[in-house]
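*Asks:* This is what each chain is made of:
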Amino acid sequence: MDLKGFGAQIATGAGLTLLVAALSLVIGLAIGGLGAAAKLSGSRPLRVIADAYTTLMRGVPELLILLLLYFGGTVLLTWVAGEYVEVNGLGAGLFALSLLCGAYTTEVLRAAIQSVPRGQLEAARALGLRQAHVVRLVMLPQVWRLALPGLGNTWLVLLKDTSLISVVGLEELMRKSAIAAGATHQPFTFYAVAAGVYLLFTTVSVLGISALERRARRGLARA
Amino acid sequence: MDWQLMLDSLPRFLAGAWLSLKLIGISLVAGAVLSLPIAFARASRRRVLWMPAFAYTFCFRGTPLLVQLYLIYYGAGQFAWVHDSWLWPLLRQPFGCAVIAFAINTAAYQAEILRGGIMAVPVGEVEAARALGMSEWLILRKIVLPQALRLTLPAYGNEIILVVKSSSLASTITLLDITGVARSIVAESFAVYEAFLDAGAVYLILTFLITRAVGAAEGRLMRHLQREDLAKVPSLVPLGS
Amino acid sequence: MRLFLIAALVAATIGFQGQAQAQDKVRIATEGAYAPFNFKAPDGTLQGFDVDIAKVLCERAHLECTIVAQDWDGIIPGLLAKKYDAIVASMSITEERKKKVDFTDKYYQTPARFVQKKGANLTISKDGLKGKTIGAQRSTIHAQYLQDNYADVADIKLYDSQENADLDLTAGRLDLVLADSIVLLEGFLNKPDGKGFEFIGPELKDPKWFGAGAGIAVRPGDAKLKDAFNKALAEIRKDGTYEKIDAKYFPFSIY
Chain H
1 MDLKGFGAQI
11 ATGAGLTLLV
21 AALSLVIGLA
31 IGGLGAAAKL
41 SGSRPLRVIA
51 DAYTTLMRGV
61 PELLILLLLY
71 FGGTVLLTWV
81 AGEYVEVNGL
91 GAGLFALSLL
101 CGAYTTEVLR
111 AAIQSVPRGQ
121 LEAARALGLR
131 QAHVVRLVML
141 PQVWRLALPG
151 LGNTWLVLLK
161 DTSLISVVGL
171 EELMRKSAIA
181 AGATHQPFTF
191 YAVAAGVYLL
201 FTTVSVLGIS
211 ALERRARRGL
221 ARA
Chain X
1 MDWQLMLDSL
11 PRFLAGAWLS
21 LKLIGISLVA
31 GAVLSLPIAF
41 ARASRRRVLW
51 MPAFAYTFCF
61 RGTPLLVQLY
71 LIYYGAGQFA
81 WVHDSWLWPL
91 LRQPFGCAVI
101 AFAINTAAYQ
111 AEILRGGIMA
121 VPVGEVEAAR
131 ALGMSEWLIL
141 RKIVLPQALR
151 LTLPAYGNEI
161 ILVVKSSSLA
171 STITLLDITG
181 VARSIVAESF
191 AVYEAFLDAG
201 AVYLILTFLI
211 TRAVGAAEGR
221 LMRHLQREDL
231 AKVPSLVPLG
241 S
Chain D
1 MRLFLIAALV
11 AATIGFQGQA
21 QAQDKVRIAT
31 EGAYAPFNFK
41 APDGTLQGFD
51 VDIAKVLCER
61 AHLECTIVAQ
71 DWDGIIPGLL
81 AKKYDAIVAS
91 MSITEERKKK
101 VDFTDKYYQT
111 PARFVQKKGA
121 NLTISKDGLK
131 GKTIGAQRST
141 IHAQYLQDNY
151 ADVADIKLYD
161 SQENADLDLT
171 AGRLDLVLAD
181 SIVLLEGFLN
191 KPDGKGFEFI
201 GPELKDPKWF
211 GAGAGIAVRP
221 GDAKLKDAFN
231 KALAEIRKDG
241 TYEKIDAKYF
251 PFSIY
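Chains as they are written, first to last, in our numbering: chain H, 1 to 223; chain X, 1 to 241; chain D, 1 to 255.
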């Protein structure tokens, strides 16, 4: 296929897509951990805040959140910090995707934590395990296994949502393709290339996730 | 915050919301119709049936909707033969392109949801119906689909909300939906917060109403079940996606 | 946990740079989808008349400039939000925009024109454009002109970038495109895709809509930067540097 010299640029964009998705996943997981803890905590204000957060992220389009953060983020952060703070496309994109990922993982982790049978925790405590041990040895390995399908799904969503950042000018895969499409007047060619690269990423991800799931289930009897 | 501007732009947002609703409604219905054969093909054991269905769902769920939308809107215009085809009157309009993109996309997701529901209907019930001499069509209509629908209702609710959110992408192909209105207000008056917060509120109201409606529908469909039965109904809500 | 912290730190440093406001460091925004004035080359660099002018002006004014690409839609909000300090993106000096930003003197001025499919024989008048679909770039003087004059008879479609409007004209979704005549000529008509299209109607330059030429936009009150650019602009007009850049792109003067 003739990419008119834009091949290298598109490869760079694909790299940035992966980087943004990976960073958002890591930050989002941290947010999700906090969110799940807040939702399961005894504190009412914490639960209300966490609920408001997930409801908001679930009810408002990602594109709108991204546009708001990109255009409004600088003004808001500058006001908060008291000095000038720059929010570029990458910053706004990472921030928006992390918040989004955080909302999804909050629900995934909450459901996973709640699915660990109570009896097991009680049994562990009855055996004299300290609380830290109960969490590390009994709870977390199971939360991981139970949350994996949901987390894998979140990763796939995230990977695709990175394409939205192109709208605020970050030059990831989609944006690079759009630039090439506009310059060469061959939109089909370049958007098809972008679609192919995304499909490759998801295929590899799906294979990777199912390998992880198999590994996480290894102690379990086949149901 | 310019309250006057927020108030003044309300009629434009209403027009935008109407366009968004038309987009969402038509896409959902067209997607649902399209998803039926795909779901049954996908649940089939015959290779010629499930393999193309699998490829369809995999491709459309594996690439961003934005790419699909651009491929249909800008991509289709690259070829002269498309202009002469019967589809062109539809592809010529951005609205038609958006509906096509959203419908084939949501069809892929809905097909997966429906397949999950079909597979979850207990085999014993289908066998019992056969033993009673019911025809395949009757079994489908009276046993499989009602149960599949009940099992998948939460997932459908989720999918509707995802389509509402995805509809904001229509603004990238010149349509003045809710997000499109917000973006043109920003372009005219640079009132970033006013426009985007207004739009966000409209979407929140929409998703809230839909969540409520799905909840009510769920209550109706489950009304014959006892509380303890209810707990056994497996939830098929896919997280995210 | 440590992984989270490292990632958060990395994100913080690349995403949110607390910007020390150094005196002579200036960031300039251009669009990058408006050939031949500003566009992205296949290697990803920004090029074009605007970019060359910006570079020369910075050199003359002893400013250390970085040029960034920014979508047209958000180019003024971005300036006001201090994402960059000046806009060199073929922005026409209009009364409406002067309410939001300050402009330098003009650095070029070209008329606007309509483009149609060859042989379509449209008449540019209210009657002639009845029921036609006309495209322009969003938030431009051309969009404003169409809206003020033809919104009641024609269907007006606004695009993120001029390139996308051109794409829709070739795709047959538009009957006409209104844009800067040079951009249409060099960026579209003179290219293979523009072969089947032609100018129609007179050159449009009514200052009420089309302003007083393209200027450099700075934040309101930023007289220091504005004066520096104006001084440099006068210099390159006088010593022939401007003509050299002009000649690199156009066979005639666009000042």
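Quick caveat, the hints were computed from the structure, so don't treat them as lab data. Virtual Cβ for every residue (Gly too), placed ideally from N, Cα, C. Where hints are given, some of them may not hold.
Below, computed lysine-lysine pairings styled on DSS-like, alpha-carbon distance capped at 30 Å [unchecked claim]:
#1 D:208 <-> D:106
#2 H:4 <-> D:25
#3 D:118 <-> H:4
#4 H:4 <-> D:117
#5 D:248 <-> H:4
#6 H:4 <-> D:132
#7 X:22 <-> D:130
#8 H:4 <-> D:191
#9 D:191 <-> D:98
#10 D:118 <-> D:238
#11 D:248 <-> D:106
#12 D:98 <-> D:224
#13 D:248 <-> D:231
#14 D:205 <-> D:195
#15 D:25 <-> D:98
#16 D:132 <-> X:22
#17 D:195 <-> D:99
Have a look at the derived ranges for each label pair, beta carbon to beta carbon [claimed, not checked]:
#18 X:7 <-> H:214: 54 to 62 Å
#19 X:8 <-> H:82: 29 to 37 Å
#20 H:49 <-> X:221: 27 to 35 Å
#21 X:149 <-> H:82: 24 to 32 Å
#22 H:82 <-> D:118: 44 to 52 Å
#23 H:11 <-> D:192: 51 to 59 Å
#24 D:255 <-> H:34: 41 to 49 Å
*Asks:* Hints first: check each against the structure and report whether it holds.
*Replies:* Quick rundown of the hints versus the structure:
For the proposed pair residue 208 (chain D) and residue 106 (chain D), the alpha carbon gap of about 16 Å is at most 30 Å, so the pair holds. As the CA atoms of residue 4 (chain H) and residue 25 (chain D) are separated by approximately 35 Å, the hinted pair breaks the 30 Å bound. Straight-line distance between C-alpha atoms of residue 118 (chain D) and residue 4 (chain H) comes to about 28 Å, which keeps the hinted pair within the 30 Å bound. Proximity of residue 4 (chain H) to residue 117 (chain D) is assessed by CA-CA distance (about 27 Å); at most 30 Å being required, the pair is judged to hold.
Restraint check for residue 248 (chain D) and residue 4 (chain H): the C-alpha separation of about 23 Å stays at or below 30 Å, so the hint holds. A threshold of 30 Å between alpha carbons decides the hint, and for residue 4 (chain H) with residue 132 (chain D) the separation of about 35 Å lies outside it, so the pair is violated. A threshold of 30 Å between alpha carbons decides the hint, and for residue 22 (chain X) with residue 130 (chain D) the separation of about 26 Å falls inside it, so the pair holds. Between the alpha carbons of residue 4 (chain H) and residue 191 (chain D) the distance comes to roughly 15 Å, so the proposed pair stays at or under 30 Å and holds.
Between the alpha carbons of residue 191 (chain D) and residue 98 (chain D) the distance comes to roughly 35 Å, so the proposed pair goes past 30 Å and is violated. Taking the CA atoms of residue 118 (chain D) and residue 238 (chain D), the gap is about 41 Å. The hint is violated against a cut of 30 Å. Between residue 248 (chain D) and residue 106 (chain D), the direct Cα distance comes to roughly 19 Å. Compliance with the 30 Å bound is thereby established for this hinted pair. Restraint check for residue 98 (chain D) and residue 224 (chain D): the C-alpha separation of about 17 Å stays at or below 30 Å, so the hint holds.
Of the pairs offered as hints, the one joining residue 248 (chain D) and residue 231 (chain D) holds, with about 23 Å between alpha carbons and a cut-off of 30 Å not exceeded. For the hint pairing residue 205 (chain D) with residue 195 (chain D), the CA-to-CA distance comes to about 25 Å; that is within 30 Å, so the pair holds. Between the alpha carbons of residue 25 (chain D) and residue 98 (chain D) the distance comes to roughly 24 Å, so the proposed pair stays at or under 30 Å and holds. Annotation: proposed proximity of residue 132 (chain D) to residue 22 (chain X) holds, straight-line Cα distance about 24 Å (limit 30 Å).
Note on residue 195 (chain D) and residue 99 (chain D): the hinted pairing is violated, with a Cα-Cα distance of about 40 Å set against a maximum of 30 Å. For the pair residue 7 (chain X) and residue 214 (chain H), the supplied restraint of 54 to 62 Å holds, since their beta-carbon distance comes to about 57 Å. Range check, residue 8 (chain X) to residue 82 (chain H): about 33 Å between beta-carbon atoms, so the 29 to 37 Å window is met. Between residue 49 (chain H) and residue 221 (chain X) the beta carbon distance is about 33 Å. The supplied range of 27 to 35 Å therefore holds.
Taking the beta carbon of each, residue 149 (chain X) and residue 82 (chain H) are about 55 Å apart, not inside 24 to 32 Å as hinted. In this structure the hint that residue 82 (chain H) and residue 118 (chain D) lie 44 to 52 Å apart at CB is violated, the actual value being about 60 Å. Checked against the hint of 51 to 59 Å, the C-beta distance between residue 11 (chain H) and residue 192 (chain D) comes to roughly 26 Å, which is inconsistent with it. Evaluation of the 41 to 49 Å hint for residue 255 (chain D) and residue 34 (chain H) yields a failure: the beta carbon distance comes to about 59 Å.
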